[in-house]
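Protein sequences, first through last, are from chains F and D.
Add 792 to the 1-based position in the first sequence for the numbering used here, that's all there is to it.
Add 321 to the 1-based position in the second sequence for the numbering used here, that's all there is to it.
No wet-lab data here; the hints were simulated from the structure.
From the three backbone atoms N, C-alpha and C, an ideal C-beta is built for every residue, glycine too.
Take these hints with a grain of salt, some might be off.
To be verified - Calculated lysine-lysine pairs in the BS3-like style (CA-CA distance at most 27 Å, straight line): (1) F/LYS814 / D/LYS365; (2) D/LYS399 / F/LYS857; (3) D/LYS362 / F/LYS857; (4) D/LYS399 / F/LYS801; (5) F/LYS807 / F/LYS857; (6) F/LYS849 / F/LYS865; (7) D/LYS365 / D/LYS375; (8) F/LYS801 / F/LYS849; (9) F/LYS801 / F/LYS857; (10) F/LYS801 / D/LYS365; (11) D/LYS362 / F/LYS865; (12) D/LYS365 / F/LYS865; (13) D/LYS362 / F/LYS814; (14) D/LYS399 / D/LYS365; (15) F/LYS814 / F/LYS849; (16) F/LYS801 / F/LYS814; (17) F/LYS814 / F/LYS865; (18) D/LYS375 / D/LYS362.
Claimed, not checked - From the derived model, a few chain F residues whose C-beta atoms are all more than 12 Å from chain D: (19) ALA809; (20) LYS814; (21) ILE843; (22) THR852; (23) GLY858; (24) GLU859; (25) GLU871; (26) CYS879; (27) SER887; (28) LEU889.
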Amino acid sequence: AQRVTQPEKLLSVFKGAPVELKCNYSYSGSPELFWYVQYSRQRLQLLLRHISRESIKGFTADLNKGETSFHLKKPFAQEEDSAMYYCALWAGTASKLTFGTGTRLQVTL
Amino acid sequence: EAGVTQFPSHSVIEKGQTVTLRCDPISGHDNLYWYRRVMGKEIKFLLHFVKESKQDESGMPNNRFLAERTGGTYSTLKVQPAELEDSGVYFCASSPRQGNTEAFFGQGTRLTVV
C-alpha cells in the first residue's frame, strides 16, 4: 500500500529565509506526486505537481526516486507563504490521493 | 466557473443523531471524491464516484456512512447514527475525467459530534 510521510508538523522560519518542507513516500509503482496548500480560511488547492516541473509562487519540488522523496523548497520565504502544506501521492491503480499529515509553515518577521 | 461547493460549512450534532453532508462538484466533472481529516491525522480517502456509480468505497469507515450521487450530479454523505469519532473535516473533490489526477477541492464541512 502507498504511504506519504511528512515528518514535521510545524516549520517556523523567518521572512527571507529558505524553506524546505520534507515529504517521503512509499509506493511500489511509478507515483505521481503533488503538493497541496491550504491558506487560512481557504480551500485546499493544488500548488504543484511533479510532472509539470514548474515553479509556482517561487516553490519547486523535485521527485527523487532513489530517496523516494518530494521535498518542497523555496529560497526566500514570504509572509504570505504561511499555510498548511500537504504532500500527496496519486497511485494510478488506486485512482485516489494518499495524503501526508501536513506541515504548517509559519513565516515570521 | 463555480468551484466545488459543500454544505454546511459547519455542523454540530449530538452523538446518535443523523447528519447529511452535501457536495456540488464542478459542472461536468464525472469524478467525485470524499475525503476526511480527523484531528491530528492525515486526510484520508473515503470513496470515489464516477458519475453516479461508486468506483471505490474502500475508505468508508463502516456501515454508518452512506454516500449517494443520484443522477451523477451532487453527492450526499450521510452519517447515521453519528459517533464521537466521526468528528473531523469532510472534504469533497472533483475532477473532469477518468485518469485526470488534478482534483479540485471544496472548502470542507467541519463536523463536530458531542
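Hint by hint, where does the structure go against what was stated? Just the numbers, ascending. 2, 4, 5, 21, 26, 27 and 28
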